[in-house]
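Protein chains: 2
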Amino acid sequence: MDWTLFLTYLGACGAAAATGAMIQPGAWYDGLNKPSWTPPRWVFPVAWTSLYFLISLAGMRIGHAPGSTQATALWSLQIALNTLWTPIYFGLHRIRAAMVVMVCLWLSVFLATISFFGVDFLAGVLFLPYLLWVSIAGALNFSMMRLNPGQA
Amino acid sequence: MDWTLFLTYLGACGAAAATGAMIQPGAWYDGLNKPSWTPPRWVFPVAWTSLYFLISLAGMRIGHAPGSTQATALWSLQIALNTLWTPIYFGLHRIRAAMVVMVCLWLSVFLATISFFGVDFLAGVLFLPYLLWVSIAGALNFSMMRLNPGQA
Chain A
1 MDWTLFLTYL
11 GACGAAAATG
21 AMIQPGAWYD
31 GLNKPSWTPP
41 RWVFPVAWTS
51 LYFLISLAGM
61 RIGHAPGSTQ
71 ATALWSLQIA
81 LNTLWTPIYF
91 GLHRIRAAMV
101 VMVCLWLSVF
111 LATISFFGVD
121 FLAGVLFLPY
131 LLWVSIAGAL
141 NFSMMRLNPG
151 QA
Chain B
153 MDWTLFLTYL
163 GACGAAAATG
173 AMIQPGAWYD
183 GLNKPSWTPP
193 RWVFPVAWTS
203 LYFLISLAGM
213 RIGHAPGSTQ
223 ATALWSLQIA
233 LNTLWTPIYF
243 GLHRIRAAMV
253 VMVCLWLSVF
263 LATISFFGVD
273 FLAGVLFLPY
283 LLWVSIAGAL
293 NFSMMRLNPG
303 QA
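If you're matching them up, the sequences are chains A and B in order.
Note that the first sequence covers residues 1 to 152 in our numbering.
Note that the second sequence covers residues 153 to 304 in our numbering.
Extracted from the complex, chain A is given alone in its bound form (with noise of 0.2 Å):
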């Protein structure tokens, strides 16, 4: 366990938590059609706080592993397309220009999995539940665009 990576790369998960935490869903959020299956509120927060502890496990593990190179680069790329996400959706209620950071992101996601499973096993594994969790979010922001045709 290299303590020192692991933290630097928890801080870059810290700053993308901290979109979540700061920019609340709120009376806009309320107003809108939701899909049957939404998952309820607090499901959100207990959800991506265990996947950022998986993220930076998995970021540690990688900056080990021999030929890293472009998995490392792919790490960074899902840390700044999954920080702008809230901002876009909660803060500026933007539903479709945040789908098309969704799909950034879950190729960012999708990507930095296989280029993982190519160096360090583990570490691949360590991306499946958050490749599962934006697939999930990806079919959530889809449907609500669907659902709230008025929206921006």
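Think of the hints as simulated: they come from the structure by calculation, not from any bench.
Errors might be hidden in some of the hints.
Derived CB-CB ranges, DEER-like [what the hints assert, rightly or not]:
#1 Phe273/B - Ser36/A: 55 to 63 Å
#2 Pro218/B - Gly118/A: 18 to 26 Å
#3 His245/B - Asp30/A: 21 to 29 Å
#4 Phe205/B - Ser36/A: 40 to 48 Å
#5 Tyr29/A - Trp155/B: 37 to 45 Å
#6 Phe44/A - Tyr181/B: 28 to 36 Å
Sample of chain A residues at the chain B side, in silico, Cβ under 10 Å [to be verified]:
#7 Phe6
#8 Ala15
#9 Ala18
#10 Ser68
#11 Thr69
#12 Gln78
#13 Leu81
#14 Thr83
In this text, all values refer to a predicted model and were calculated from it rather than measured experimentally.
Glycine residues also receive a C-beta, built at the ideal position from the N, C-alpha and C atoms.
Position chain B against the provided structure of chain A, taking the given hints into account.
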């Protein structure tokens, strides 16, 4: 020149740039008291666009430098904090919370620059304009906080 790696890092910078492009200063910013040395508005996108290219180039170079495990993690940390600052400042209008983010960003860029010099001299040089600019941005954020005591 490793184009795939460069474009991956440039993509991460693109996510950070998107906050600046989509979250505009607006009437709130116009109404704030500003220090006399505030750069004109057009300087910011020009400076950031140039910097994002240098930041991406530095990322590509350290990615290929031996012993850059911690340096690449610091690259991830700075881009996440960079993406976070604009939504807090121009999105939420929280100048004090943005100042906390700015201090973290400055520290991450400072540590990254030192770390880069240790593994690839040119990468360190490429981060110097960025370190200078976040120093100016930090001083500006601090002045705005002092000159607008009624703001959050």
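The hints, checked one at a time:
1. Phe273/B - Ser36/A: 55 to 63 Å: The hint (55 to 63 Å, Cβ to Cβ) holds, given that Phe273/B and Ser36/A are roughly 58 Å apart.
2. Pro218/B - Gly118/A: 18 to 26 Å: 20 Å, holds
3. His245/B - Asp30/A: 21 to 29 Å: Holds: the Cβ-Cβ distance is about 22 Å, inside 21 to 29 Å.
4. Phe205/B - Ser36/A: 40 to 48 Å: Once the Cβ atoms are compared, 46 Å apart, the range 40 to 48 Å for Ser36/A and Phe205/B holds.
5. Tyr29/A - Trp155/B: 37 to 45 Å: Holds - the Cβ-Cβ distance for Tyr29/A and Trp155/B, about 40 Å, lies within 37 to 45 Å.
6. Phe44/A - Tyr181/B: 28 to 36 Å: Given range 28 to 36 Å: holds, Cβ gap about 31 Å.
7. Phe6: 9 Å, holds
8. Ala15: Result: holds, 4 Å to nearest chain B Cβ.
9. Ala18: 6 Å, holds
10. Ser68: With a closest approach of 9 Å, the Ser68/A hint holds.
11. Thr69: 4 Å, holds
12. Gln78: Holds: closest Cβ of chain B sits about 8 Å from Gln78/A, inside 10 Å.
13. Leu81: Holds, because the Cβ-Cβ distance from Leu81/A to chain B comes to roughly 5 Å (cut-off 10 Å).
14. Thr83: 4 Å, holds
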